[in-house]
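Chain by chain, the residues run as shown.
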Amino acid sequence: MKKILIILFAMTLVYCTDLEIAPNSQLTNQNSFKTKAEFLNGLAGVYTTIGYWSEVVYKPGSSTDEMLFPARGADWKGDLQTMYLHTWDANNGEIQGVYNGLSKIIGVSNNFIDVIDASSFKNESDIKIMRGEARFLRAFGYFLMVDYFGNVPLVTSSADIQKNPPKQATRADLYNYVKSELMDLYQNVLPAKNDYGRVDKYAAEALLAKLYLNSQVYLGGTNTNLTDILTLTSDIINTSSYSLDPSFRHVFAWNNNEGNKENIFTMVADSKNTAAENISYLFSITDLTAKFGPFANGWGGCATLPTFYRSFETNDIRRAIWLAGPQFAADGVTPILADDDQGVNRQLNYVVDFKSTDPVLNADHWDGVRGGKYLMDGIGGIMINRSLNNDMPILRFADVLMMRAEALYRQNPASAEALTLVNQVRKRGNNPVAAFTTLTDANFLAERGREFAWEGWRRNDQIRFGTYNNATDYKPASEAFHNLFPIPNPQLQSNHNLNQNPGYN
Amino acid sequence: MTIALCLSFPLFSQATTSNVRNVSEKQTITENNTPDRMQQQDQTTRKLTGVVTDKNGDAIIGATVMVKGSKTGTVSDSNGNFSLDVTDQSVLVVSYVGYTTIEMNIGTQQNISLKLFEDVRNLDEVVVVGYGSIRKSDATGALSVIKSDDFNKGTVATPDMLLNGHIAGVQVTPGNGQPGASTNVRIRGVNSISASSEPLYVIDGVPIDNTRNSASIGTDLALSSMALNPLSMIAASDIESMTILKDASATAIYGSRGANGVIIIKTKSGKEGMTSVSYSGSGGISMVSNKLELLSADQYRTFVPGAGTGTTDWQNAIFRTAMIQNHNVMFSSGNMNTSYRASISASLQDGIILNTGLDRYTGRFNVTHKMFNDILILSMNVNNTNYKFNNFQENQTSGADGGVIDNALKADPTQPIYKPDGSFNEFSALSVRNPVALAKQISDISMGDRLIANTDATLFFIPKVLSAKVNLAYDVDNSIRKAYEPIASSVGNSVNGRALIENNKYSNRLIESYLSYANTFNQKHELTVIGGYSWQEFDTYNQYTTATGFANDNLGADNINGGSSQVVQNNHEINRLISFYGRGNYNYDNKYLLTATVRYDGSSRFGANNRWATFPSAALAWKITEEDFAKDNNTVNDLKLRVGYGVTGNQDIGNFRYSSTYAINSSAGTYFGNTFYSPYNITAVANPNLKWEQTSQLNVGLDFILFNNFLRGSIDYYSKNTTNLLLAIDAIQPAVNTIYLSNIGSMTNKGVELTLDAVIVHGSQFRWNSSFNVSYNKNNISALYNNKDINYGIVSGAGASGNTQILRVGQPFGTFYGQEFTGIVNGKETFASPNQTILGKALPDVIMGFTNTFTSKGFDLSFVLRSNLGASLYNNTRAEMSQGNRLPGQNTTLEGAQFHAAGGGGITYPSSRWVENADFLRLDNATLGYNFRVIPKIVRSARIYITAQNLFVVTGYKGYDPEVNNVAGSNGIKSIGIDYNSYPHARTFSLGLNINF
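Chains as they are written, first to last, in my numbering: chain A, 1 to 505; chain B, 1 to 997.
A portion of the hints provided could be inaccurate.
To be verified - In silico DSS-like links for lysine-lysine, alpha-carbon gap of 25 Å or less:
1. B:K828 / A:K355
2. B:K788 / A:K163
3. B:K505 / A:K167
4. A:K272 / B:K482
5. B:K828 / A:K77
6. A:K77 / B:K788
Said to hold, decoys possible - Negatives, chain B to chain A, calculated, CB over 10 Å:
7. P416
8. L594
9. N737
10. P888
11. F920
Keep in mind the hints are simulated off the structure, nothing from the lab.
Don't be surprised by glycine CBs; every beta carbon is placed ideally from N, CA and C.
In isolation and in its complexed conformation, chain B is listed as follows (with noise of 0.2 Å):
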């Protein structure tokens, strides 16, 4: 290990600073009067008996009642009222979803009237920020978090679709419908041209590696290219709760990699003073959610006349009403010492295209130890997700052949999809191929692990004032993929069936250690300082082997030495990032609060002239309604002012990228004589200049909570101007390669976020909630090499030649770019001009979510809706559907069918005809549940929900849904909003139950 060469030092050691607010998870009420737990195994039981009210008098039903340190507790019936086996040392904890918790001392009482109050402030939750936690009523920056209850609901493969349409600023776009596709995750827009434009994912305090390459295979293998979302490997019903952090002076504790924006996601772990047992699971299917129109084959006949006389719905062959289902078992206990939560899930969710889906398994245990008296904290998170991910023949961007999906759509509908011996029927010579067989005969699987651990230390040298964290992660993620086509198949028939084995490992260790300091001043100073140092390294191993040749099919891949001819590939790369950093939080009388934030931090992927970055933010608030002239303001119960400003950077630009090596590639080297030699050949022009991309983020926002509590939220203004942008420029000739990457680019983003949450109706027999959030995102290039107009975004499909984006300065990023169409004049396209022209952009202005919830009497109902506006798609699948060369042979639209009537061949790819309008008003989710009022004693509580996904989509869009990304990159920039052959969207339905004991 290379940390063991370094030196050991005892940093900081002497260093006066301290620990975040120590603040306990549940406001205690009655915090004083904690009993002595040896006297009270003398105690006798008897009963208690008593009621939960709100503030109003009325009864609070299904209330968690429970006596603190047992596991004894009840829920209160449909009158409010509960009884319990007590004694006069018990202390109860009573909860109730939307208020306060409150403990309280029973003494002798035989009875006990229990009052809730509405926690509709909110405001003293604590959220976990990097490297501590704090009071949300004392954050300086801006952040959102989310909590379990609210997440969406339903069957999700990833945690980022459980925050979608939740929080402001933050749009997640899913690459298409196949489970497990990679999302988009947007924090503010876009800040990166070519690097990644994804936010940092903190797990537990592990920031975490989500970077996964796919086999670079050749275009002839065919196969997807799509690697596995990594962040599928986490199970939903592990996380108790995400923060996001959105401006600089809340990110820029992570530096070089805090531009983006960051998740940190915190798992759930035992609690003290509960035993529970629980079971969750879930059942659903998924069907399609929309099908694109095709000449159906009547049709295809008025227009074929020689056709077949069969009759097919080649899109109805290729889908199915997949089966999901979702399993989790959990137990958890804690006393005052230890406490733990270990759960299994298991989701099992086939997709909707035959041969389609992923399996997940995963086991997570945390659990928490503390030691003389409370002086050691440790901990450990340990979570493993075993995955099987089911892939089809996908083949969006190469090939005129095409996939699954694109000969779901060009296949002869006069033509059955098997003749009668019951062996598929093939379309010779025609670049069709029978999209079932593609289906069922290829077989595509990823199998893994994914491993999460996580163990950290805290020691207090001065209880409660200054302490030092010491945390060892390791994330390893070791999968095989294999895949075959049979020689049977009509893709692998012409080389005798074609194999391949990729084997990745991605994995990363974390060494970090900070110290805290926390105090208060004569009442009114309160000071937090961090100060600390984190080590972490990232090895990434990937091996693909591919082999065409073989005897028959009856081994396949697993036989892979079967194949006549091997080639294999493989890279291994490391790369590190070593960082000291440090807060101080300082808070003056609980009305003016100062932040700042500094990171300093060593990348090995910078070139050598630029190893060091230091990253610095600061912020200030002002607790408005906390000065005397504004206090006790029944209008205006809480105002909070917030501006901050901070410097980040992006450094996932990859590895190596500034030097210049020696790639030695067997299969691309020369004969002297008859001996051959691999080359040593140069791969790039070194530039040791090379950095990471700097984004400054101004905020401004303001919180609020108005109208007699009735009324919170905040709006938020920023500004973000990214420099340093990584792009390829024209290398000055002669060189070894046509391009050199150099820090050149720069980009800005501007918006405002607003969000609404009301509890509009807070009866105790009704109660609805509901949640508002709109975000507008303005996004400009202002600098690129020499100001000169990239083109990217290939355009795909048979004929298919350019691009169809373009980056140009004073555009906004997904610019579409092309020709301005005026129609069909004598089965050819018109134009307006031969020029090109802006013809829309990829990325919405506005976003919306709408989240509301009702609750009466054990019935729950919520819904959430989600709008873009203001952005376009590039329908890349119907240009090549609309050719008029489609006939005869291959099926069409009805609008290709009559270009092709008309004497219609070729069209056009890069024009206005096929960039269409993407606004969309969804409903992502909705959920009818029931809490069961009446249960065995035994089952603490229990519930029944149907849920259903995507139930409807309002859009122009001609394509299968609107909400599409299909990775298609073009001169080293991946382009947004092309929509080719996409996996479809599924519409879901599950029927679950929750079961608590």
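Looking at chain A on its own, in the form it has when it is part of the complex (with noise of 0.2 Å):
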């Protein structure tokens, strides 16, 4: 008996030492990626890496005359404020949020491209066609670095770098990486139709074109990539299948990806099945819910400026991008009422002039002009995660058409094929606004600025156009070194590879 049960003990003293165990509800590396299909869901995840574009619109885009996000009370303060004063340094927030958005952009390409290398499937034609798609939006992610940031790493593969911290890169080196990446993804790599959401060769040449436009800003010296410019947005016009939309509404509209022509390269939204937040924080609509709809949600604090909002001629029709002045319901009659910051209960009331004599740093509620551009056509009585469906393009062909209205004009300010494409944006849907006559450098940036208010390309134009640093509405001239961000605090202290920009230290 006694021989049995120490038998039985020793039985149950087993032992067993193994700890290799996987997540049950997500994928590694070792069991993912073992299908094709499955690479469609790998694109995906670098495709919602660009969700960080409706950031881009308005970080750095509240460092330009065309927006101004202030504190309101204790509401909304923050660095954004610095970003409008041009004030910021290394430590601002809201700079380390676009350098960290990018890199992940970077990141996330580069691991993907190297999920592809490592993969059987690499030699399929429509898994060589995802790779080059990856390397585009890491050629995007490049380019925003080297428009924002000049000087940062150029990381490639998804080695493991925090022991082995990469060197800094030049702006040059990082322009030429950019330009050789896109002018082999255009020639090729990248196909010349490919899905809605999915890029393809003309938004190569597209942003390769956006590149050249502002070589002088990224190179010095004068440009001499305009004849490359024409050479690109010729190639776009002419046989690829994109144009205008004869709506300048429609463009912005909350079912806008169905049939769209003119967006290359567009950031795709949608109020339930990508990510939170990704549009509604530029809108002023949580007062507004008479005029949109219960489901009307948003952020409420951004606000353009008066001297921008006046540029608009009141007959433009894209005037209507803004909510100016007293408020109404849906049916246009009912005013929309409200408590104002005196506790107040009256009629919801947008005003251009800031009131407060603090417009920065302690506006009113409700002062300055709010945006709705992605909002005229209604939410679709739908707003999940506080997010729209409206997409937000990136690249559109009104911006093909104006980036070659700008070479030409370069080239030549008389040109007359650059004032009839200027005016063919201008005058779109039989726009009641005149048509222009001469194109100066003032008018030129006025009518991009119409254009593409709001949608992230603000600095890149003052920049290219000089008036960056200029004194604004309520905003002081600046110092030029503030063309470039600095690089942020955390990466110089955890990167020793790294210099700050000039200016910064």
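Build the complex: two chains, separate frames, hints provided.
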């Protein structure tokens, strides 16, 4: 009996040292990408990183003459006001956010490219296109890095850089990298036609044109790429199926994804199935449920500036992107009542000129014209996760026309084709504004402002036209070194290979 | 089962190891006279009379006199006399609280005089430590024991509240006053920044997992994110004792889980020779202990001319006098082979806020069976608690509209609760919701069962010397939470009703085996060695379903598929801990004691490069009073010096945090054409070097008994150094995430603990026991990533932004940070400087507990006083209430109203204005009881008592209560010491009855 017991005990004295456990509800590199269909999910993971574009619109955007994110009492108080005043430093959280957001586009793209390269499907044609799309998104991330930060590390693999920090590349190195990637992509890799929401070769051409348009900003000297821009834009205009949408408003409609001809490179948004709060922060709609329905929700802090608002002629149909003055319910008659900052219940009124004596740091909640660019056709009665159905164009056909016009204008300010192109955009949809008869720097930049207001390109335009450092409504003039953002301090501290951009030390 | 795949291997089967000292639960004075049970049956019974006295000859009233091995027994009367039916072979067992239990043969005596000696030394009591038990006098580490008699009385939701105030160095802070709220138990300070600082709980040899997630539901749902405290699923009445292991030499046997200390819970079991049936019950009432002072309706009208004409005290409207009842029925029995104890308990505890409370029904069965002349001992402990947790809309950290308490503090006091038609009076467009409606309309109930079961077998290869033990355990907590915000409610209206169903299952399985060897050589060398292996796997499954858009409110969450849009999220994770461990105790001549332990732990939570870790410890003790020069000293009766050092770990860092995985989230994907694609989203930057947090601890202690056994106690000094603290650091970019987890921080805790116990008066008519403990702890952050400050402790409320706490090298964890407030000038807050500065700290310097018990002639009175000194709290509630822009429309304090009148608007949240001193002195518990002296024969004892809990608190703190800990995390760090709309603490009075048959 005792022997049996001893044997029984010995059998229970088992041992096992297996500690390999994979998460049940998440995938690892070991158990993913075993089937070809998964690569579309992987590609979707790369495309979701450009959801960050929605933050690009208001973070760098609020450093320009088109947008102010004031502190309204204690609300919104923070780094966004230093963005407007050009008083940011390397600890600015918004700038850190931009740096990290763009880095994520690059990092996630690198990972997907390496996943493909390690896969047995890597030589299949559709997988090769996906790899090209990831390279495009990585080049787009680096394009914005060139534009905002200038000098950052160039990393093109997913190998661990935490223990071996990468070296800093120069703005010119990065420029050349983006240029060579985009050239290869449009010439050899990307197809002429791709699904809506995925990039094709024209997106690479448009982005390369954008890079070339700013050559003198990135490289100094004069722009030697104007002819290249004409070549690229003529290819898009003549061989692609992209065109100007006859309706300006439809470009930003909640159902603007179907049959869209204008959007070349798009941030796809859906109220239910894409990232939360993707656009809604741009709009002041919490008080406007009577106008836009009970689901209306938004941050409500962001405004445009009086000068920028007034640059829209009163008969310009594009002026309707703004919510200005007394507000009415959907019937257009019933005033919307709300409590003002004094606690008085009266008709909601977004005043053009800020009433506060301290418009940037302590604005009144009703100060400033609000944005409604993506809202004008309604929100379809659906608003989940505080996000909208409206897709956001990053590069669209109107910009291709305007880039071409600008290249022609810079070659010859009296170019007739340039004038025609600008008026084509300006008068789209029988817009009753008067056509331009001449082009000047001032009216060119102002026209870009009206066409692309709150679309994320204003900083790029203002720097190229030399107005970024000017004093504007509530901001004094700033020094030219602000044309590059500082490398965020956390990066300088964690990667000792990095040097700060000039002016920030 | 994974284990089946592993090798079967007779580990240590040749090892020359053994058992912990085999010590009986009782001190047997006449241990050679155990009668032969077989002969006893033939004896004729007769009457025995006797008297029980103390050493001075004074009668002891209420002593239990039992015939060993039977259920015959009685208690001594007011003169100490008793009479009992016995045989010549009977052995009497005589016991009384505070005295050493004796056993005595009767023989032919007709009348017997029994003398009990006070158990002042209490040193030979046996304490349960990890993997065995030891005599307390042989302990080399810093450990404390509390037995059920000394537990805090009254209704408590969790076992940790039973020991609050009794153990030096143990700080128990309730999260808030809600029944079932989480508690923070800190043994010797805070040991971690981003991992858990909670101790390990071991119940009857089974380490349990108390990590509970709460649904990460969107802010718009606005339900409470507080998970029910899993320790509340253990009935207080089933606990026999708790041992608190404090220093590393005691906890290192638990290796990677030992750094925060260990609380070992032993449940009650049946006793050989005792059959008893008992009922204990209590009923009581709770009420809010403190209300905040707001503008009354009349005051409100003076500040807001157009205000309403009604008068509503909104705090009174949400608070109530809550009923509490507890019942426990227990029966137990035992003979020489089998003993068991079975109990069922019901604890029904209503909360002081409408529609909150915690109901628990617990069944427990503990059984032990000995076979083959005690060669094989089998035991099984099974506990199931069925619970129902009624939560409320708490919404502490988000949403300008707030929850029940927030709205009770801002609702207009001139408005009625109900409209004339009986419907709730809602305040449209003012960010105020009717708090009574919130409490009554929204239902949020979690119901579940927690089963903790283990069975073990001990086989002696050599009786009393060499044995092997196998322990199998299963612990599962299975619950369903159902919440519904009706269409009729202000929060559910805009979405046509909103429902949540949450399914949670937490389980763990344990397989453990160890060998024990105990032997004494040459009468002077006593050796005890254990060595073993354990395998434990933890399985967590959470699923949340939310839905909106209901046709009507008829079915609520039970018809979640009736909602027009549903969102489902779930998560399943497993982690495994595999360990080898050993401990040796060597005792030379009962003077010099050496303990050495080592544990080799492997955890699936660590990175591939750091899966396994070794945690060693060693301790020495010297019983000075056993030396010839110190023996038989009446001033110093006992003196023992202890020194210990060890290394322990904290592996409570979450699962898979070393890895880079893909999450697939269908609500954050994209469209290609018109086809939706769920994305593979990379979650994190991998860190294959990720490992446990590590604490090394030195402890020096002295145990003493002084002045002719009048005073006993101990004093300990400790110094802890915790390194490899897990912190999120900035990932070098470009990377797939902004942050990166690394073992990079360190902190120290240094402190002194003193415990004193005295029997101040020990007459037979009157006894006064007094126990005092005080501890001092100093926490200091010694290293951070790049030694860079980390801001955390996010502030909440309308217009709130920023953090109020900072981690800074050279400062303690929980340091408050903000602007130095200097006053209000012309309706504006002014500050000493625009820069932020250190404003105080959330951790106390000193914690104290003082317990006194008086007994006389059947009456007993006891009370527990508790105090914390040196801590501050951030009063986020007062900050939000004091804004000048609350008026008109939202109620405020007089401070806020005056600020409003002076033209003030918003306030600066991170400011010294809201950091308040949180020192307090609390009368935690006071109990007056009476043991009936004249009772029917069938009743062994009967007692009634009244208990008051939280009778008063002396504090300068302006919030509801200075002991609070809202869970507000930011930057991955749980803050401590922030009070925002916390559920207030209750004051409870209860009347109870214990009756024993």
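These are the hints, each one checked on the structure:
About 20 Å separates the Cα atoms of B:K828 and A:K355, which keeps this hinted pair within 25 Å; it holds. Restraint check for B:K788 and A:K163: satisfied, since their Cα atoms lie roughly 19 Å apart, inside the 25 Å limit. For the proposed pair B:K505 and A:K167, the alpha carbon gap of about 48 Å is over 25 Å, so the pair is violated. This hinted pair checks out: A:K272 and B:K482 have alpha carbons roughly 24 Å apart, not beyond 25 Å.
A hinted pair counts as satisfied when its Cα atoms are at most 25 Å apart, and B:K828 with A:K77 qualifies at roughly 17 Å. The straight-line distance between the Cα atoms of A:K77 and B:K788 is roughly 24 Å, inside the 25 Å bound, and the hint therefore holds. Every C-beta of chain A lies more than 10 Å from that of B:P416, the closest at about 21 Å, which supports listing it as non-interface. Non-interface status of B:L594 relative to chain A is upheld: no Cβ of that chain comes within 10 Å, the nearest being about 27 Å off.
With 10 Å as the threshold on Cβ separation, the claim that B:N737 sits away from chain A is violated: the shortest Cβ distance comes to roughly 7 Å. A beta-carbon of chain A is positioned within 10 Å of the beta-carbon of B:P888; the least distance is around 5 Å. Its beta-carbon lying about 31 Å from the closest one in chain A, B:F920 satisfies the requirement of being farther than 10 Å from that chain.
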